[in-house]
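A.B. asks: Each chain, written out:
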Amino acid sequence: MTVFKSILLHFWKYKYLMLIFLTAFFIFAFGFSQNSGGQAYESEALDLKVIDQSRSEISRGFIDYLSSDNTVEVVDDSTDFGALEEEIFLGISDGIIRIPSNLEERLADAAPAVEVISDQRGMAHLQIENVVNRYFIFLDAEQSTSSEVDIEQMNALLADGVPVELHESVDVASQNNFSYMSTFISFAGYWIMLFLLIIVGNVMSEFNTTELRQRIDVSPMPTRTLMVQMISAQTVIGLFVVCFMLYGGIMLRAGHLEGIPLVKMFVALVLITSFTLSIHYVIGALTTNKFIINGLANFLAIGMAFMSGIMVPLEIMGETAQNIAHYLPLYHFTQIYAEPDISWTDSSFPILIVVLYTAAFLIIGMILENKKKIAS
Amino acid sequence: MVILRMIRYLISINFKDFGYWFWTLCYPLLMCGLFTMTTSSMGGTEIEDIEVGIEPGHPVTEVLGTIDFIVLTELGESEAVDRMKAGEMAGYVHGSTELELLVTETGINQTILQSVLDQIRNVSASGIPFQNFDYDQEYIIPNSQNAEPETVLFYALISMISIYGMFSAIEFVSTVQPNLSLMGARFSASPYSKYKFLFSSVASSLLLNVLSNTVVLSAIAIFYQMSLFTELWSTLLLIFIANMTGIGLGLFIGLIPGINANIKTTFAVIFMITLSFLAGLMGPEIRTIIGENMPWLNTLNPLARMTDTMYRINFLGNYSDYLPTIGLLLAYALLLFGVTLLVLRRKQYDSI
Amino acid sequence: MIRMENVVKRYNELIALDHFSFAAKEGEIIGLLGPNGCGKTTAINCMLSLLTFDKGEIEIFGQQVHPNNNAVKSRIGIVPQELAIFDKLNVYENIDFYCGLYVTDRKKRKALVEEAIEFVDLGKYRKFVPKKLSGGLKRRLNIACGIAHKPALLFMDEPTVAVDAQSRNFILEGIRKMKAQGTTIIYTTHYLEEAEQLCDRMVIMDSGRNIASGTVHELQNTISTQERIEVGFITEDQTIEAQLEELPHVVKVTKRNGNYLIHFEKQENNLPDLIKFMESRGMSYTELSSERSTLSDIFLELTGKELRD
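Protein chains in written order, with full-length UniProt numbering: chain A, 1 to 376; chain B, 1 to 352; chain C, 1 to 309.
This is chain A alone, in the form it adopts within the complex (with noise of 0.2 Å):
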């Protein structure tokens, strides 16, 4: 047990640094939690900054049909018009309606009647269009009907829309705590990539120095128990993390915990984790160079974050990047518990990637390993 207890002395040793990790990820996790969906149908609200120059009944109008079903800041001529258009650029905000001061004359002169500005390659341009079209449309239309508009009535018409329903076959509550804890569970698997390649490949670099691997080389200890107790050590740090995780998941969303495949993410982070840890095993037998493991670590572990799909949907990623995420294990770490009900036989194959990934990185680290002593 010496070298088992060694290495936890080592890792102790690092615990302010663990505990600024475990507490930076929580602050994010909580973050997260914060947006999680309501129980029903919800139409995805416009979020839209409306200048109004006009300030006119027809621009009130207009604004409070806006309000109905999207989320619309109502901002002044002075505003930072530069600040606005940021937010567009950093996808914060769907776009801005600027209402002219002489609205009712360009209605008038049939000219067009307000500047939209928003990303006209995208799908909220579109969705920009028709509400805003839909409105003075159907102003005109009463206007050319009737001499007098009733504002409040037209509003109180256009609010009355089809009814929407949600198949009864979808869940929404347990759909919304699933892709909550599923985004939990993916960043917490990144997290402890990090975690793990960082800290882990500072204190075994300590420990793998050649001064020290040469000692430990001529004592009587025999390979296989020096190997068991290094891995048992960072098996038991490794473990302490996911359950620490994996709890602290569980408390943030205490009882909304239904639909949530746990024993399955439980079982996705332990494979990660011995993922992580054999990749660490080649990394230590490659260099004891901290540059190097840290930057190795670093790409390694947002590298496949990126690739697959924790940090960005794959859905919007290039065609290329996706298929590379199909040979990635972190992409099959995520389909472990890809669906609410996910069943064992689905969850089998994606696991046993996971596996086959960890015992090829084992075997190249042994391979690694067996080379370098033989060198030395």
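Rather than coming from a laboratory, the hints here were simulated on the basis of the structure.
Hints should not be assumed to be uniformly reliable.
To be verified - In silico lysine-lysine, DSSO-like type, Cα no more than 27 Å apart, as pairs:
| id | chain 1 | residue 1 | chain 2 | residue 2 |
| --- | --- | --- | --- | --- |
| 1 | C | K138 | C | K150 |
| 2 | C | K124 | B | K196 |
| 3 | B | K196 | C | K108 |
| 4 | C | K276 | C | K255 |
| 5 | C | K108 | B | K194 |
| 6 | C | K255 | B | K16 |
| 7 | C | K127 | C | K150 |
| 8 | B | K16 | C | K138 |
| 9 | B | K196 | C | K110 |
| 10 | B | K194 | C | K150 |
| 11 | B | K16 | C | K276 |
| 12 | B | K16 | C | K127 |
| 13 | A | K371 | C | K88 |
| 14 | C | K55 | C | K88 |
| 15 | C | K131 | A | K371 |
| 16 | A | K371 | C | K252 |
| 17 | C | K150 | B | K196 |
| 18 | A | K371 | B | K16 |
| 19 | C | K88 | B | K194 |
| 20 | A | K372 | C | K138 |
| 21 | C | K107 | B | K196 |
| 22 | B | K16 | C | K132 |
| 23 | B | K16 | A | K372 |
| 24 | A | K372 | C | K88 |
| 25 | A | K372 | C | K131 |
| 26 | C | K108 | A | K372 |
| 27 | C | K132 | B | K194 |
| 28 | B | K16 | C | K110 |
| 29 | C | K110 | B | K194 |
| 30 | B | K194 | C | K107 |
Said to hold, decoys possible - Computed far set for chain B versus chain A, every beta-carbon distance over 12 Å:
| id | residue |
| --- | --- |
| 31 | R5 |
| 32 | T24 |
| 33 | G65 |
| 34 | V71 |
| 35 | P142 |
| 36 | L153 |
| 37 | L198 |
| 38 | L211 |
| 39 | S234 |
| 40 | M282 |
Ideal Cβ positions, reconstructed from N, Cα and C, are used throughout, including at glycine.
Using the hints provided, position chains B and C relative to the given structure of chain A.
C.D. replies: Using the frame of chain A, we list chains B and C on its own:
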């Protein structure tokens, strides 16, 4: 001359370390490749037609068929549900007496479809003669502002590599402190001025990092064909100043007593990744969440400030926070250099 | 040249230097002797103004030591116990780097570096990085880095630890040469033979204190055991030891390699007295040799400990 010689040696010490180059050159290049691959289709989203199912013989079939972005298919409900669950169809229009929409999920396509159906319903409910609705009238003065949140990833990456000088600075400070390295004892016992050493450390870190930054930026421009810098010189000045801030941070971290250079580097990596993460390196949403909930964090985070300023000047032509950002980065740098000098000056140790 | 008066240095509860005093004159080699942990390196670090100390005074070249006293620092050289060299710089670059901390003139520095390389005989290895050098060669490089600028005062902290015999002789020879050139050297070691061979004067340290100092001769005079005489007898007799102990001025009698080792008090005529005594008792001896007490004896008597603990 003395300083130049010192700079040459300090550069040489780092230059011969493969790990240093891996971290400062290979890693950012790999990341760029990754970002390019994953975000290549993010910016170029196009308006796609919406697949809609409809009950065979439904009265609104004709009207819906005239809308150019809707592709209509007549089919039964169960088949429609299957296709909706497979993500091939946005919604199913049915209802004999009343127009109804059946969906299996929430999304922008469903919302657009709902909005179209609402309009059909409103027209028939209004009692206004159909000919009074002028669908050809243009009500909108269109103006475009492209949404390119993915560029935040690249700018956050560039911001991150701009402060990489911190790693060589950590090494240099550790080298010069007798309680941290053996060379430090030799160094401290010599008459070589601490000011000169600090200056040489800063200059060599700066030269090394500016060199690796140049390679990375050139690679982004040449290999990945990205035009991130419409305002090249202003951006380069910003990167240069950020290099100073990074070095200042490295010197400061290097001064932390009682821990060795390895732990300091690990700490610096985690600190830098956190700052980059908050600035949007792993996706622009985080940056937005921070901006909404803790705007002060974005204001103080040098990487977030730099990322924001870079896309503002290059994509939005907005220079309003350029000088404040440079000011903040310089202030950080000067403050950290000052603290370093103060601590190193007349430094004697209780134990070595 | 160096004056250290009543210096006290504490590490929390532990007293590393306990009213430690010593002085060195120009051109001397002073040996700081003592077991590991007795405070030798701490004393050097205080003199180099790397460490703060709680009490006392240190003057070097007639000036108070201070971290910013560059005039003093520029005349000092240091060869630390552990290797303080850059892995990434080759032999020439390492020496040039450290020499450059003291000597700004390029031509002069170049000549000094060449001289240092020659001095430690690393000419063949000038382009080698430390990783490619053997332990002994690394030690020589470590020394070259400390002496290249030709310091007037050189601190050498156990420079021959873990060095093979050939390299050790080479180093010791070098130190003698430096002394001949007028360098004052403060030399710490726990190899007594080295100290006896090299040092003009020695300071014996134990638990942070200066327990004795002087030349070897002076130190020998400070202890009660002055001389040891080894005698081998033809026949082995149980009573020999008891008989020898009857002789005046004998401190004790021990056995060594089958012979008897007689420890005498300070006295002029121990050997003639012994010969007379043995003849009077009819004790026939085969061999007889006399030896003066060594530093090891001195240390043992002063501290009650062996030096190489």
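A.B. asks: Are the hints correct? Go through all of them and say.
C.D. replies: Hint check results:
no., hint, verdict
1, K138/C - K150/C, "holds, 20 Å"
2, K124/C - K196/B, "violated, 33 Å"
3, K196/B - K108/C, "holds, 21 Å"
4, K276/C - K255/C, "holds, 21 Å"
5, K108/C - K194/B, "holds, 23 Å"
6, K255/C - K16/B, "violated, 61 Å"
7, K127/C - K150/C, "holds, 22 Å"
8, K16/B - K138/C, "holds, 20 Å"
9, K196/B - K110/C, "holds, 21 Å"
10, K194/B - K150/C, "holds, 22 Å"
11, K16/B - K276/C, "violated, 75 Å"
12, K16/B - K127/C, "holds, 14 Å"
13, K371/A - K88/C, "holds, 26 Å"
14, K55/C - K88/C, "violated, 40 Å"
15, K131/C - K371/A, "holds, 21 Å"
16, K371/A - K252/C, "violated, 62 Å"
17, K150/C - K196/B, "holds, 23 Å"
18, K371/A - K16/B, "holds, 25 Å"
19, K88/C - K194/B, "holds, 22 Å"
20, K372/A - K138/C, "holds, 25 Å"
21, K107/C - K196/B, "holds, 21 Å"
22, K16/B - K132/C, "holds, 15 Å"
23, K16/B - K372/A, "holds, 23 Å"
24, K372/A - K88/C, "holds, 22 Å"
25, K372/A - K131/C, "holds, 18 Å"
26, K108/C - K372/A, "violated, 46 Å"
27, K132/C - K194/B, "violated, 32 Å"
28, K16/B - K110/C, "holds, 23 Å"
29, K110/C - K194/B, "holds, 24 Å"
30, K194/B - K107/C, "holds, 24 Å"
31, R5, "holds, 25 Å"
32, T24, "violated, 8 Å"
33, G65, "holds, 17 Å"
34, V71, "holds, 14 Å"
35, P142, "violated, 6 Å"
36, L153, "violated, 9 Å"
37, L198, "holds, 23 Å"
38, L211, "holds, 16 Å"
39, S234, "holds, 16 Å"
40, M282, "violated, 5 Å"
Hint violations for this structure: numbers 2, 6, 11, 14, 16, 26, 27, 32, 35, 36 and 40, all remaining hints satisfied.
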